[in-house]
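These protein sequences, in sequence, are chains A and B.
Note that the first sequence covers residues 1 to 200 in this note's numbering.
Note that the second sequence covers residues 1 to 137 in this note's numbering.
Rather than coming from a laboratory, the hints here were simulated on the basis of the structure.
All residues carry an ideal CB built from backbone N, CA and C; glycine is no exception.
Please note: incorrect hints may appear among the correct ones.
[Claimed, not checked] Calculated pairs, DSSO-like style, for lysine-lysine (alpha carbon to alpha carbon, straight line, at most 30 Å): (1) K182/A / K23/B; (2) K112/B / K147/A; (3) K6/B / K182/A.
[To be verified] Every beta carbon over 10 Å from chain A, so not counted as near; a handful from chain B, in silico: (4) T32; (5) F65; (6) P111; (7) N126.
[Claimed, not checked] Derived coverage of chain A by chain B (criterion: at least 3 residues anywhere in the stretch with Cβ under 8 Å from a Cβ of chain B; other residues may be distant): (8) 26 to 37; (9) 55 to 62; (10) 68 to 77; (11) 170 to 176.
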Amino acid sequence: MTSMASPFSTNPLQADLSLEEARATPASLDAFLAQTERRAFRMAEMHLGHREDALDAVQDAMLRLVKHYRDKPAAEWAPLFWGILRRRIVDLQRRRKVRSIVVGWLGGGRDDDGDEMPAWDPADTGPGPLDRLQDAQSYADMAVAVKKLPQRQREAFMLRVLEGLDVAETAQAMGCSEGSVKTHLSRAMHHLRDHLEEWR
Amino acid sequence: MNAPKKDPELQYLEQRARALYLKAGAQLDAHTAGRLRAARREALQAAQAKEHAHPVRMLLPAGAFAVLALAVTMLWLPQQHGAPITSASSTSAASPEADSYLPPDAESADPKLYQNLDFYGWLASNDGQSSGTTTSQ
Chain A
1 MTSMASPFST NPLQADLSLE EARATPASLD AFLAQTERRA FRMAEMHLGH
51 REDALDAVQD AMLRLVKHYR DKPAAEWAPL FWGILRRRIV DLQRRRKVRS
101 IVVGWLGGGR DDDGDEMPAW DPADTGPGPL DRLQDAQSYA DMAVAVKKLP
151 QRQREAFMLR VLEGLDVAET AQAMGCSEGS VKTHLSRAMH HLRDHLEEWR
Chain B
1 MNAPKKDPEL QYLEQRARAL YLKAGAQLDA HTAGRLRAAR REALQAAQAK
51 EHAHPVRMLL PAGAFAVLAL AVTMLWLPQQ HGAPITSASS TSAASPEADS
101 YLPPDAESAD PKLYQNLDFY GWLASNDGQS SGTTTSQ
């Protein structure tokens, strides 16, 4: 068996414990959103690669959850919220695709070297997401590798592995069967293992 | 039955990815964290405002229904009050002998009846007296 260095400076089970704490049944919707919003932003950011779009997606998901599902039992909030956020992310990706096509028709969207450039996106002047992150490089590597995954594999990986939803909750959030979740996740993990060789 | 043993390499990958993700969420810059907090408050306040607006919104259709009910009642009641009058008049018109002293409708009565009211009065009193004398005789 290959010996592997622990990714954590302290307890190797720290991540799982933190996730358990983060996913403890919240006392109120406010508490649930407070303990979820930052991770939701990170997830949206990893999908969209754009801070403002990620903030919009999270804000919209929070609004929809509060508006339509605040009377649901607290245990159901997590899969509902992640499902709403997933759909919002997909909407934004589609909108961006349409926008890039329109810009292409209008002859824009390319710089002097012929590379694609954002046409109408405002400049992202806020502090970078990785500025304060100690493991910035590792996180950046993971974000790049995750971004390369097909959409459904990326969703399965993020919800099941990063967010720690169980298979049933992941299936509910993704709107597919539990078998599909397992298949997508298995493929995602093998892709990531190939792309994150330096983690070994 | 034992669950299939997970590939340790994949298990390590999962743990590390999750740790980085949680750390990235926890170490979010203050600016973004503030905006997320504001977005959360906004979402919760919007829901509360909607709850408070709910009774007001319920009052609108209730008020409209009350106005409609009042209008229907106002249209219906005169008809209900008018109906007995019409039926009474028709009854009295059907049997004029029932009360020959009062014509059912002044306008439809013979105008000559009203021309010599004093005479009819004298005649009635005289008639009573003469009938009294006749009985006494």
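Violations among the numbered hints, reported as their numbers in ascending order: 2, 4, 10, 11
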